[in-house]
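> For chain Y, the structure is supplied; the task is to place chain B with the ligands on it using the hints.
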Amino acid sequence: MTTPASRRVARAVWRQTAALGAFTLREYRIWQSYRVNQIMWLTNIFVTTLLFFLMGRMLTAADAHLMGAAYGTNYMSFVVVGIAVNTFLFTNLADPYTRIQRSYFNGTMDLFLLSPMSIFMPLVGLMTKSLLDDYPRLFIVGAFGMLLFGAQFRFQFSLAALGFTILLLAAAFGIGAISASSFYLLNIKRGTEPVRFIVQQLLATLLAGTYYPITVLPRPLQWVACFIPHTYAFDALRRLLDPGANMGLPVLPVQRIVPWSPLTVDAVALGLMTAILLPLGFLLYGRGIEKARREGTLTRWQ
Amino acid sequence: MMDGPAVDLRAVGKTYPGVELSLRGTKLETLGPALWVKNAIRAARLTIEAAPPVTALADVSLTVAPGEVLGVLGPNGSGKTTLIKILAGLIRPSAGSGSVVGYPLGSSDAIRRRVSYVSTTGWMGLEWALSARDNLRFFAELSGMSPALARTRTDEVLGALDLTDDAYKLTSELSNGMRQRLIMARALLWRTPLVLLDEPFVGLDPGHRQALSDYIRRELPARGQTVVISDHQAEVVESVADRVLILDKGRVRALGTVAHIMQSLSGLIVLEVVTELSDTPVLSPPPLVRRVERRMRPGPLGLMHWRLTVEQGPSTFSAVLTWLSSAGGRIVEVEERRPGLQDVMADSTVLAAEGA
Ligand SMILES: Nc1ncnc2c1ncn2[C@@H]1O[C@H](COP(=O)(O)OP(=O)(O)O)[C@@H](O)[C@H]1O
Ligand SMILES: [Mg+2]
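Protein sequence lines, in the order shown, are assigned to chains Y and B. At position 195 of the first sequence the residue is numbered 195 (my numbering), and the sequence of numbers has no breaks. At position 321 of the second sequence the residue is numbered 1321 (my numbering), and the sequence of numbers has no breaks.
For reference, chain Y alone in the conformation it holds in the complex (with noise of 0.2 Å):
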């Protein structure tokens, strides 16, 4: 006879792998559901991948020296590398808040939180969605760039790209827990949320460089970049990626100061962001649904 402990660990685990299963089951259908979707989907990508390219091929010429000696010699590539990071961390940063908002008022939210799975499922869970849509299309749009539009880049270092990748946006989602939480813990319901606005509108929009490389800025300001994950995410994938990148160059203020390679120091800043931001994302949206438990606030109420 198994333990009942164990058996309940078992069960426990598998009621939130079905839960997940069940979300991603319900973000394909919905998906698949909306048949024009699909065509609209590819067009969309289509667009966007024109607009990035004919805006790399504008600046290429006048701004290239712009981006220095460490990231390669090839601008689209830059951009590219610059606008898919930042959908990747936009998609992680700023709709988890939207998410729950969305569920909290379409009453979605009670049935979860009255479900067996546990209260952070829908916060994960409701982000599959990502994973069918948003993630997927920046594969596209690179694939366009590169057959249609001249973008290149190298994929001797794809593993660790991915690395970079995975933990870009495991930071990016913990900054997105930190912001949904607002929605219970400071009982933000609409308008803008404060840590989203701060993180992405203000902060990664200004200095994060998505269209340059940070040295333009004034020190002060690098110093203030080195705070966000935009800032490493860019450089190490720009490093990974782009033809002609210099791997041993510092370009960021802490990698001129820390006797590491450029790359140790975007992982281990990574390392530490997601480290730091992941549980405090989770202890505090915990803590935001207590709140609003106590205070009537939890389900929608009119």
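It is possible that some hints are incorrect.
[As the list claims (entries may be wrong)] One side only, chain Y facing chain B, incomplete, derived with CB under 7 Å:
#	residue
1	Arg15
2	Ala18
3	Ala19
4	Arg29
[Stated by the list, open to error] Straight-line Cα separation of at most 27 Å, DSSO-like style, residue types lysine-lysine; simulated pairs:
#	chain 1	residue 1	chain 2	residue 2
5	Y	Lys189	Y	Lys129
6	Y	Lys189	Y	Lys291
7	B	Lys1249	Y	Lys291
8	B	Lys1249	Y	Lys129
[Said to hold, decoys possible] Away from chain B, derived, C-beta distances all over 10 Å, residues of chain Y:
#	residue
9	Gly107
10	Pro136
11	Phe149
Rather than coming from a laboratory, the hints here were simulated on the basis of the structure. Even glycine gets a Cβ: it sits at the ideal position worked out from N, Cα and C.
Same frame as chain Y, but now just chain B with the ligands:
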């Protein structure tokens, strides 16, 4: 299975923090910073604009036996939803204690997998892009039900709620009543020990209302499921519940079987009287009149409608007529009927003399 009562509440109360009046220039709030400032001010308890706290539920004590159907009756704002959310563990009570399905209030992790909950107010938590059937499957799978069981149960509840023919329609193509039956169906998937239904009949046509009410009565207690079902209409609750709890501004006004509550009304009759309008001040009613409700009847004649709850007796009618005539207007129409739960709900003081 639990041994004790399905629900056991002792002096449970809920006071919501006052919903603060919005700052001047609400539009700013949508921009964010103003809202953050407001939240900060509120967190620091500096706000002067705070509305007073709302007592939604006070001193509610109650036990419900396994397999029993308890009806919760009360007008809007009487605390029905608050009570049901407390039982579901979605809200913590601010006073009192108790247990639900054998677990203390507050152990929401244990309670939530043993209750089903239907709320028909507002959005219903349906996925509009999915068919009726896929909606049910999604929620069945969320709870870790095996695919085979999920399929059987889905078919069964679709049948029970007369939705088999509409199973493959998208939720967005269903009528409101169908959607409502769909969320009922969803709550019946699990066969949890406790089923909480918050105004499930609102908006259903009489045929489906009857069918649903019959289904609840017939199937759920037979499986040992306990049901707490709320509504603001007496006849609906009467037809489905073993016992009725009448709430009035968050307080228990009556609790017992319909027969028991009706019995405490015995000796009372309700007179519906229509009189002409007059300017003469109305004298205070004779003591045998327990309750007076009066409103203008719309229409060109200018008539007054009186609803009087009176003690039955040999001189009742003449005393009432004399009193009404003293107001000057002539009596146009008189009708008598037995009082019902609706009358208790409208004014619980009619029960006061019996000490209910
Ligand atoms: N989250 C909340 N915050 C503040 N007041 C609330 C909240 N929920 C309910 N109330 C108030 O509590 C009272 C009871 O509400 P409710 O339980 O919804 O009653 P019912 O379901 O009988 O209409 C009402 O006065 C309502 O305005
Ligand atoms: Mg209600």
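> Under the constraints set out in the numbered hints, which ones does this structure not fulfil?
8, 9
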